[in-house]
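Hey, can you work out the whole structure from these sequences and the hints?
Sequence lines, in order, name chains A and B. Under the working numbering, think of the first position of the first sequence as 460, with each following residue one higher. Under the working numbering, think of the first position of the second sequence as 27, with each following residue one higher.
Hints listed in this document are in silico derivations from the structure and should not be mistaken for laboratory results. Treat the hints with caution; some may be incorrect.
[What the hints assert, rightly or not] DMTMM-like cross-link-like pairs, simulated, lysine to aspartate or glutamate; straight-line CA separation at most 25 Å:
1) A/Lys752 - B/Glu78
2) B/Lys169 - A/Asp630
3) B/Lys170 - A/Asp492
4) A/Lys728 - A/Glu747
5) A/Lys677 - B/Asp400
6) A/Lys585 - B/Asp322
7) A/Lys585 - B/Asp292
8) B/Lys455 - A/Asp619
9) B/Lys315 - A/Glu594
10) B/Lys252 - B/Glu281
11) B/Lys169 - A/Asp492
12) B/Lys264 - B/Glu110
13) A/Lys674 - A/Glu594
14) B/Lys405 - A/Glu681
15) A/Lys677 - A/Glu747
16) A/Lys599 - B/Glu347
17) B/Lys432 - A/Glu681
18) B/Lys432 - A/Asp607
19) A/Lys677 - B/Glu110
20) A/Lys576 - B/Asp292
21) A/Lys599 - B/Asp50
22) A/Lys677 - B/Asp322
23) A/Lys677 - B/Glu423
24) B/Lys432 - B/Asp322
25) B/Lys359 - B/Glu347
26) A/Lys728 - A/Asp619
27) B/Lys284 - B/Asp322
28) A/Lys585 - A/Glu604
29) A/Lys516 - A/Asp613
[Unchecked claim] If you anchor each label on the Cβ, the simulated ranges turn out as follows:
30) A/Pro686 - B/Glu110: 47 to 55 Å
31) A/Ala493 - B/Lys405: 53 to 61 Å
32) B/Gly108 - A/Ser756: 21 to 29 Å
33) A/Ala638 - B/Lys405: 46 to 54 Å
34) A/Ala638 - B/Asp338: 24 to 32 Å
35) B/Leu392 - A/Ser756: 46 to 54 Å
36) A/Lys647 - B/Gly53: 50 to 58 Å
37) A/Leu488 - B/Lys214: 18 to 26 Å
38) B/Leu392 - A/Lys647: 44 to 52 Å
39) B/Asp338 - A/Asn664: 52 to 60 Å
40) A/Lys537 - B/Thr355: 50 to 58 Å
All residues carry an ideal CB built from backbone N, CA and C; glycine is no exception.
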Amino acid sequence: MAKPLVAFYWCASCGGCEEAVVDLAEDILKVADAVEFRLWPVALDFKYADVEAMPDKSIAVSFINGAVRTEEQEHLAKLLRQKSQLVIAFGACAHLGGIPGLANVANKNEIFETAYKLTRSTANPKGVYPQTVTETEYGKLKLPEFFDTVKTLDQTVEVDYYLPGCAPPPDLIMQGVTAILEGKLPPKGSVLTVEKALCETCERNKSKPDKLMIKEVKRISEVIADPEKCFLAEGIICLGPATRGGCGERCINANMPCRGCFGPTKEVKDMGAKFLSSLASIIDVDDEKEIEKIAESVLDPIGLFYMYSLPSSILRRKQGV
Amino acid sequence: MYKEITIDPITRLEGHGKIDIFLDEKGDVAHACLQIPELRGYERFAVGRLAEEMPRITETICGVCPTTHHTCSGKALDDLYGVEPPPAARKIREFVYNTFMFEDHNLHFYFLGGPDFIVGPAAPKAERNVLGVIGKVGVDIGKKVIDIRKRARNIIQTMGGRVVHPVHCLPGGVSKPMAQENLEEFKKTAEDSVEFAQFSLQAFNDIVLKNKAYVDLIVGDVYKHKTYYMGLVDDNNKVNFYDGWIRVVDPEGTEFAKFKVKDYLDHIAEGVESWTYIKFPYLKNVGWKGFVDGKDSGVYRVAPLGRLNAADGMAAPAAQEHYEKFYETLGGKPVHNTLATHWARLIEALQAAERMVELINDPEILDPNVRNMDFQIPKEGKGVIEAPRGTLFHHYETDERGVLTKANLIVATVNNSAAINMSIEKAAKGLIAGGKVDDGLLNMVEMAFRAYDPCFACATHTIDGRAPIQIDIYDADKRVIASMKNK
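Now the structure itself:
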C-alpha cells in the first residue's frame, strides 16, 4: 500500500516547531517509516507549480506552523488546504498567532518605520523601505507583500485539528501523528491535548488555598518564587486557569509561571478576557481606589494575558496604513 | 537583455529565501543576490512589553537558537537593572549555554552542512543527507548522534523548562538553582560530549582533510572572501561564547577594534535595501562600500570562522590543539575560506563541551543563591552573546518602571547578510558559464550559503539534510528554457 503523503510547512515562525519534530529523536524513524515526507522540508520543495500540479486532496495531512503575515504564506496555506485531506495547525503561532502575533499592536507602517528607520543601529538617510518590486539594471526583484495584520491559520483556511504549544511537546506530536495514522481522531476542530485547564494537572495546585485571594500583583522579576507554591496564590501572574493543559508543566518545572502557549480551554473564546475574570475574582480588596491601584500595577495586560494569542482574540486592533 | 535564474525558495533558512541569478547574453553571470522575503517586526512590538518578559518574547525570533536569544536577553536585563548575577546563576547560564552551543553545532555538522563533505558534494542527492551520513559513518554513529543530542537537550530542558524556548533567565540570575540530583547525569553528559566532539573532529580529519578534492574545494577561490571578522573574546583574547570583548580584526588579521557591548553603536551600523527585508550591517569606521570585500569595505563576517579569526586562540586545551592545526593546515591567519567554517564549527563544539565539563565540576554551580535583586532604576540595557551563527546584540530602553520604549536587535545571521550575498554571487559567477547549469552547480551554490548556516539552515528542515531547490532558467523572453529540481 502506498504510504500517506505528508507535508510540513512553515509560515511566519521561528523553526522551533521543526526542532520539536527533530526532538522526536528515535521516534522520527518510526514516523518516517509510516509516511512519505513528500513535502518535507516542505512546500520549500516547490515551485508552487509543483504543488499545484498535484491532484486535490492528494496529500493526506499537512502540518502547518507559523502565523500568516505575508502574501506568500497566505498563498501557500490556501494551496496546501486545497491539496490536503487534513490540515493541522501546528504550534502556537498557527493555532493562536503566537508571539509574532503581538505585532498586531502595530500596523505595517509602524513596523517598517521601526525596523528601517528608528532603530538605533539603522543608517538609512534616504529612507529606503523594502518594496514588493525593485527595478534593477538586470531585471525586476520581487518581494511578497507584508500584510498589515498577523492572522492565525484558521483565519486564513479551514483547519481540522490543532497541535498546541510553543513548541508542541514531542509526546503530543507523537500521539497526534499516531491518532492520524490509525484514524482514531477526535471530532473535527479538536485541540490534540487534554481538555483540562493547566491548573488541574499542575503539581502546585495542591498548595493552593481553598479560597485563593490576593492583595497585590507582583512581577516575576521582583520575587523569588517558592518552587512549591501556586504562583497565583503568591500574586504572580500565571495563566494556568485560562490555559489548556497537557504541556507537562514545562515552564512551571523551571519555576516560571505559565504564559498561555497552549491556548484557552474548550469553552473559552478569549483567553485574555477569561484570565482577567479569573484574576478579578481572586482580588481580595473592596476599596475601589485599591482595586484601581492593583489594576494599574498590571503594566502590560496585552503582553501578559495575550502573549501567544493576540490574533485569535476578540480584541479589535489598530488598522490601516 | 539578461536571463534570470531564480532559486525559489531555498530552504534551511530561517523563514524563507530566494536566490536570483541574472545571466548576460553569453550566459555568464552578470549579477546574483539573495532575497529575504520576510520580516516579523520584533523591535516594534517589544515596545510596551515588560522588560522581564523579553527573554521569553525575543527567543521566538529563532526556534533553532532560542537559548541564545533568551540568554542574551537575560544579559541585557542584567545591564538594564545594573545587577551581576550571583556566581551560581552565571555558571548555570554558561553551562546551559555551552551545552546548547555544543548540540547546535553538532546538528549543523551531521544534519545540514556535513553531508556535503561526509557524503560528498557531488554524491547523488538522495544520499546527500543525514541518512547518507549514517550510511557512511555507520548506523551506530547515527544512534550516537541522536543520543548525544537528546541528552544535551535534556540538560537545557531540565534547567530551562522548555528546550525549544527555555524560560530560566531573569534579570540578575536564573529562575531556579541546579539540583544535586541532576549532577551525576549532567557530568556524564558533559564528559561524553567532549568525547563526541573529539570523535567528530576525527571524522572530519579522516573524511574531509584526507581527501584532496575536498581540501581543494575548501581552499579554492570560489568560496573565498577577504573581509573583516568579529567575535567575542575573553581578557586573554581567547574565544568566549557567553561574554567578553567584541573584537574585530582586519582582512590581514590585525586587531581593528576591541570594545564592550555598551559601545556597539560606535562600531556597527545597518543599511537598508529595497529588494530585501533583511538589513546589511557594516563597520561604521570603515563605511559601507557596497557588496565588496577588502580592507576598504566595512563588510565583516561572524560565526565560527569569524570567531576563530578574531581571537588569538581557544579557551580550552583540546580545542586549542585543533585551532593550531586548523591554521597550520590552511596557511596561517586569518583564514578567508568560507567552507573552512565547517571545521571551525567542530573546534568550537569541542571548546563548548570542555567548558561544560569545567562548569559542571565547579561545586559553586550548586549554590542555591541564583538571584541578585539589588536592582537600580532601569533605563537602558545592552547584552551581547555569541550565537552559533555569530555575534548577537540585544539593546533595550525602558521607562523607570521597566516597560520597553525602544529595542534594537542585531541578530547573528544578519551580521553576515552582506557576505552571504557576496558569497552567492561569487559562487554563481565561478560556477556558471555559457548558460550551462548542471546538477552539481545546484549543490555548489547551496554550499555557498550553507557554510554560514543554521539560521539559514534552520535545522529542522533537515531531517533529510537536503535543500530542495528549484532553479528555472529563463530566456530573454522570460520563457522557461530549462528547469531542474533537487529531490
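Okay, the hints, checked on the actual structure:
1. A/Lys752 - B/Glu78: 21 Å, holds
2. B/Lys169 - A/Asp630: 20 Å, holds
3. B/Lys170 - A/Asp492: 20 Å, holds
4. A/Lys728 - A/Glu747: 29 Å, violated
5. A/Lys677 - B/Asp400: Answer holds: A/Lys677 to B/Asp400 is near 16 Å, not above 25 Å.
6. A/Lys585 - B/Asp322: 23 Å, holds
7. A/Lys585 - B/Asp292: Given pair A/Lys585, B/Asp292 holds - Cα atoms ~21 Å apart, limit 25 Å.
8. B/Lys455 - A/Asp619: Violated, at roughly 47 Å.
9. B/Lys315 - A/Glu594: Distance of about 21 Å is within 25 Å: holds.
10. B/Lys252 - B/Glu281: This hinted pair holds, its Cα atoms lying about 15 Å apart.
11. B/Lys169 - A/Asp492: 17 Å, holds
12. B/Lys264 - B/Glu110: The hint holds at about 22 Å.
13. A/Lys674 - A/Glu594: Given pair A/Lys674, A/Glu594 is violated - Cα atoms ~61 Å apart, limit 25 Å.
14. B/Lys405 - A/Glu681: Holds, because 17 Å separates the two Cα atoms, which is no more than 25 Å.
15. A/Lys677 - A/Glu747: 19 Å, holds
16. A/Lys599 - B/Glu347: 50 Å, violated
17. B/Lys432 - A/Glu681: 22 Å, holds
18. B/Lys432 - A/Asp607: Satisfied, since the Cα-Cα distance of roughly 21 Å is no more than 25 Å.
19. A/Lys677 - B/Glu110: 22 Å, holds
20. A/Lys576 - B/Asp292: Since the Cα atoms of A/Lys576 and B/Asp292 sit roughly 17 Å apart, the hinted pair holds (cutoff 25 Å).
21. A/Lys599 - B/Asp50: 15 Å, holds
22. A/Lys677 - B/Asp322: 53 Å, violated
23. A/Lys677 - B/Glu423: 22 Å, holds
24. B/Lys432 - B/Asp322: The given pair, whose Cα atoms are some 32 Å apart, is violated under the 25 Å limit.
25. B/Lys359 - B/Glu347: 15 Å, holds
26. A/Lys728 - A/Asp619: Within the cut-off at roughly 18 Å; holds.
27. B/Lys284 - B/Asp322: Cα-Cα ~19 Å, so holds.
28. A/Lys585 - A/Glu604: Within the cut-off at roughly 21 Å; holds.
29. A/Lys516 - A/Asp613: 18 Å, holds
30. A/Pro686 - B/Glu110: 47 to 55 Å: The hinted range 47 to 55 Å is violated for A/Pro686 and B/Glu110, with Cβ atoms some 23 Å apart.
31. A/Ala493 - B/Lys405: 53 to 61 Å: At 56 Å between Cβs, range holds.
32. B/Gly108 - A/Ser756: 21 to 29 Å: Since the Cβ atoms of B/Gly108 and A/Ser756 sit about 23 Å apart, the hinted range of 21 to 29 Å holds.
33. A/Ala638 - B/Lys405: 46 to 54 Å: At 52 Å between Cβs, range holds.
34. A/Ala638 - B/Asp338: 24 to 32 Å: Since A/Ala638 and B/Asp338 have Cβ atoms about 56 Å apart, the given range 24 to 32 Å is violated.
35. B/Leu392 - A/Ser756: 46 to 54 Å: 35 Å, violated
36. A/Lys647 - B/Gly53: 50 to 58 Å: Holds, since A/Lys647 and B/Gly53 (Cβ atoms, about 53 Å apart) stay within the stated range.
37. A/Leu488 - B/Lys214: 18 to 26 Å: Since the Cβ atoms of A/Leu488 and B/Lys214 sit about 25 Å apart, the hinted range of 18 to 26 Å holds.
38. B/Leu392 - A/Lys647: 44 to 52 Å: 50 Å, holds
39. B/Asp338 - A/Asn664: 52 to 60 Å: 54 Å Cβ-Cβ, so the 52 to 60 Å window holds.
40. A/Lys537 - B/Thr355: 50 to 58 Å: 52 Å, holds
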